[in-house]
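Student: Okay, here's what each chain looks like letter by letter:
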Amino acid sequence: MSTEALDTRVAGQRSGCVRLVLAHVGVVLAAAIFIMPLVYAFFSALKPNTEIFSMPPTLVGSEVRWSNFVDVFTYGPFATYIANSFFVALSGTFVVLVVSTTAGYAFGRLRWRGRDAIFLVFLVTLMVPQEVLVVPMFIVMQWFGWVDTYQSLIFPFAFTAFGTFLMRQFFRGIPFELDEAARVDGAGPLRTFLQIILPLARSAVAVLAVFTFMAFWNSYLWPLITVVDYQSHGTLPIGLATFSGQNGTRWDLQMAAAIISMVPTTIIVIALQKHLVKGIATAGLGGR
Amino acid sequence: MFMTRQQASRGRGRSALSKVESRQALGFMSPALVGLALFTIVPVGLSIVMSLFHWPAFGDRSFAGLGNYETLFTQSPDFWPALRNSAVFTLLYVPANLVVALGLALALGPRIRGRGAFRVLFFIPVVTPIVANALVWKMLLQPQGLFNGVSMTVFGYELPNFLADQNWAMIMVVVMSVWQGMGYNMLIFSAALEQLPAPVVEAARIDGAQGVRMLRSIVLPMLSPAIFFATVMTVITALQVFAQPQLLTGGGPGNATMPLVQFIYNQGFRFQDLGLAAAAAWVLFVLIILLTAFQFRAQKRWVHYEH
Numbered sequence: 002m003s004t005e006a007l008d009t010r011v012a013g014q015r016s017g018c019v020r021l022v023l024a025h026v027g028v029v030l031a032a033a034i035f036i037m038p039l040v041y042a043f044f045s046a047l048k049p050n051t052e053i054f055s056m057p058p059t060l061v062g063s064e065v066r067w068s069n070f071v072d073v074f075t076y077g078p079f080a081t082y083i084a085n086s087f088f089v090a091l092s093g094t095f096v097v098l099v100v101s102t103t104a105g106y107a108f109g110r111l112r113w114r115g116r117d118a119i120f121l122v123f124l125v126t127l128m129v130p131q132e133v134l135v136v137p138m139f140i141v142m143q144w145f146g147w148v149d150t151y152q153s154l155i156f157p158f159a160f161t162a163f164g165t166f167l168m169r170q171f172f173r174g175i176p177f178e179l180d181e182a183a184r185v186d187g188a189g190p191l192r193t194f195l196q197i198i199l200p201l202a203r204s205a206v207a208v209l210a211v212f213t214f215m216a217f218w219n220s221y222l223w224p225l226i227t228v229v230d231y232q233s234h235g236t237l238p239i240g241l242a243t244f245s246g247q248n249g250t251r252w253d254l255q256m257a258a259a260i261i262s263m264v265p266t267t268i269i270v271i272a273l274q275k276h277l278v279k280g281i282a283t284a285g286l287g288g289r
Numbered sequence: 068m069f070m071t072r073q074q075a076s077r078g079r080g081r082s083a084l085s086k087v088e089s090r091q092a093l094g095f096m097s098p099a100l101v102g103l104a105l106f107t108i109v110p111v112g113l114s115i116v117m118s119l120f121h122w123p124a125f126g127d128r129s130f131a132g133l134g135n136y137e138t139l140f141t142q143s144p145d146f147w148p149a150l151r152n153s154a155v156f157t158l159l160y161v162p163a164n165l166v167v168a169l170g171l172a173l174a175l176g177p178r179i180r181g182r183g184a185f186r187v188l189f190f191i192p193v194v195t196p197i198v199a200n201a202l203v204w205k206m207l208l209q210p211q212g213l214f215n216g217v218s219m220t221v222f223g224y225e226l227p228n229f230l231a232d233q234n235w236a237m238i239m240v241v242v243m244s245v246w247q248g249m250g251y252n253m254l255i256f257s258a259a260l261e262q263l264p265a266p267v268v269e270a271a272r273i274d275g276a277q278g279v280r281m282l283r284s285i286v287l288p289m290l291s292p293a294i295f296f297a298t299v300m301t302v303i304t305a306l307q308v309f310a311q312p313q314l315l316t317g318g319g320p321g322n323a324t325m326p327l328v329q330f331i332y333n334q335g336f337r338f339q340d341l342g343l344a345a346a347a348a349w350v351l352f353v354l355i356i357l358l359t360a361f362q363f364r365a366q367k368r369w370v371h372y373e374h
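Line by line, the protein sequences give chains A and B.
The working numbering puts the first sequence at residues 2 to 289.
The working numbering puts the second sequence at residues 68 to 374.
Heads up, some of the hints might be wrong.
[Unchecked claim] Example chain A residues on the side facing chain B (calculated, C-beta under 10 Å, incomplete):
1. Ala24
2. Val29
3. Leu39
4. Ser45
5. Gln131
6. Pro137
7. Ile140
8. Ile226
9. Val270
10. Lys275
11. Gly280
[Stated by the list, open to error] Partial pick of chain A residues on the chain B-facing surface, computed with a CB cut under 7 Å:
12. Pro58
13. Thr103
14. Trp113
15. Arg114
16. Val136
17. Phe160
18. Thr165
19. Leu241
20. Val278
21. Ile281
[Claimed, not checked] Residues from chain A that keep clear of chain B, each with C-beta distances beyond 10 Å, as calculated:
22. Val65
23. Ser92
24. Ala210
25. Gly249
Treat the hints as calculated values from the structure; they're not laboratory data.
Here the structure is a predicted model, which is why all the values come from computation and not from measurement.
From the three backbone atoms N, C-alpha and C, an ideal C-beta is built for every residue, glycine too.
Given only the sequences and the hints, what does the whole structure look like? Please build it.
Tutor: Now the structure itself:
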């Protein structure tokens, strides 16, 4: 190899190396700017309220008030908001999982008359956005006497066809010989469903569970409509707005509360980071 | 003779079996069917009825025909602005979201160390409560907040009062929404990029395709199904925007950032005119369906499917 060619190749490698370093610098910079709002919010949560809008801005205030994270709980019924959010999100997720897996099984693995027609109805309802349903849903809640109850937070949006669709698609990918074998062994559909199909669909069930939990946890529009007495049935997103009142906004506490509300879903995402891309590819159709 | 009898008995057996299976299927289906009927089909029907009535939250209802729709388009002072705001938000938000998401997905290539951690970081605002995100940005965007504070201190330049300014308010609602939402599309694109067939990319590289050329002629066409999917979903979410303007600006200044969903919420639950709200919701629904259908028709022009 001529020295000239060797030179250009080394130069090429070096420029590739430089480019890789630059790419890393760029990504780190973008990430730092991107996460800055949350970092600043966290430090703001540790400041006295009077220093939130100091000029020039500071990251750390004159004192570090971890007590803000305690005061959040005495300022209003914040513990109730957290408990309500957990209760509603967990119950809602449970309902969604039961409804979606059973219906998905019927659509995906049982043969019955009218199956395809009814499935089409399910698919069509997928297109109706929540924003269109909330107005009549409020009237339905009045009929049931459910306004300002836990039921109204849990049930109305736990029957959307998305979960059923997701589970049906997944169930159809499982070899049908398994059902036949189970039937030959004398297992009915319920046993086949519980002991063979459901365990094989663990990953899809997990994806659905995570997405559903997050959707309930973050839900805002519907609780805003159906919850009347914030003190008893308010969820976290509803409660977060209560830190701004007639006497101005307690920004310090509001930021502390906001940070607390971010913890559960952030933990879930970090814990599941290895499955994140695949999970999105599985459930990509839904969510937001 | 024997054959036919066996066939006959098998036929009878199968129909009996399918009857049993139908009954079992009904058992499995019943929770979903009851729920779907009560919480989707009934509300959809009810909402059509409501949109045809004067339906105050309290007091007497009366049939209005198409009166609510007429009110929306000819009398309501906020409806056209709300439509305009939703359109402006969608036109700004969707391209910005897609470009940032695609750029990040491309930037976080396989040679970036810790790309998994970076992905998680960019995804976090998608899963944190939108209310919490919006309140954080509300703090940053105050005249005394971090953005203006840094600008004043470092450059001695006073930024506009973003959330109170007629033009800036919408831009900031969009910026905050892109920050909050683009991580989702980033992951969609990452998943699609990981499934690009290596031989095709390699062949293009050997043919001398690099950089922008590679992106335009190879990567983007192969990514087009994912881009199409992301576009359709993002347009739908853009038309559903509510929490960000509600919390950042309250729809203001005036009605400069009030989108359709906030209009629906205000009419229904602040001004107690549920009939008008239902009618506006139907306008929103029709808009979503038309835009989605349009995109599906237009996809032939630019989406390349394998096979």
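Student: Confirm or reject each hint.
Tutor: Now for the hints, and whether the structure bears them out:
no.: 1; hint: Ala24; result: 6 Å, holds
no.: 2; hint: Val29; result: 9 Å, holds
no.: 3; hint: Leu39; result: 7 Å, holds
no.: 4; hint: Ser45; result: 7 Å, holds
no.: 5; hint: Gln131; result: 8 Å, holds
no.: 6; hint: Pro137; result: 4 Å, holds
no.: 7; hint: Ile140; result: 6 Å, holds
no.: 8; hint: Ile226; result: 6 Å, holds
no.: 9; hint: Val270; result: 5 Å, holds
no.: 10; hint: Lys275; result: 7 Å, holds
no.: 11; hint: Gly280; result: 9 Å, holds
no.: 12; hint: Pro58; result: 4 Å, holds
no.: 13; hint: Thr103; result: 4 Å, holds
no.: 14; hint: Trp113; result: 4 Å, holds
no.: 15; hint: Arg114; result: 6 Å, holds
no.: 16; hint: Val136; result: 5 Å, holds
no.: 17; hint: Phe160; result: 3 Å, holds
no.: 18; hint: Thr165; result: 6 Å, holds
no.: 19; hint: Leu241; result: 5 Å, holds
no.: 20; hint: Val278; result: 5 Å, holds
no.: 21; hint: Ile281; result: 4 Å, holds
no.: 22; hint: Val65; result: 18 Å, holds
no.: 23; hint: Ser92; result: 14 Å, holds
no.: 24; hint: Ala210; result: 14 Å, holds
no.: 25; hint: Gly249; result: 12 Å, holds
Violated hints for the displayed structure: none, as all numbered hints are satisfied.
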